[in-house]
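Colleague: Sequence:
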Amino acid sequence: EGACAALGSIAAGTAEYQKQVAEAGGIDLVLAAMRGHAGSEEVQQEACRALNCITANSREIRKQVGAAGGIECVLAAMRTHSGSEEVQQEAQAVLRSIDSEGNAHEWP
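For the sequence shown, my numbering assigns the number 4 to the initial residue and increments by one for each residue that follows.
Simulated from the structure, these hints should not be mistaken for laboratory data.
In this text, all values refer to a predicted model and were calculated from it rather than measured experimentally.
Idealized CB from N, CA, C, for every residue including glycine.
There's no promise every hint is true.
FRET-style restraints, in silico, Cβ to Cβ [stated by the list, open to error]:
(1) Ala96 to Gly72: 12 to 22 Å
(2) Arg99 to Arg38: 14 to 24 Å
(3) Gly16 to Gly86: 26 to 36 Å
Start from the sequences and build out the full structure, keeping to the hints where you can.
Modeller: Following this line, the structure appears as structure tokens:
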């Protein structure tokens, strides 16, 4: 949870920080946390928030998240934590912004 929050906070700064987080393996770290702590509502919420921050300004980074299985991780978080308004909100924000190819996408 703390690592995802830290990566999200760093990436929230600027597009350059987002690029640096992605290049340093931040996407893989966030997705690994989601996979490894699927039952933790807090980890899922912070991970989705981090993905939102990391992908905020770059279509290329959004593509990287999609290619790394990010959408599947977000959907799994939504299914597992269907009763958590916080997870649902953060996850929906990720899904609204990217699809598997990094394209803008509106989900129902």
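Colleague: Please flag the earlier hints that this structure goes against, numbers listed from lowest up.
Modeller: none
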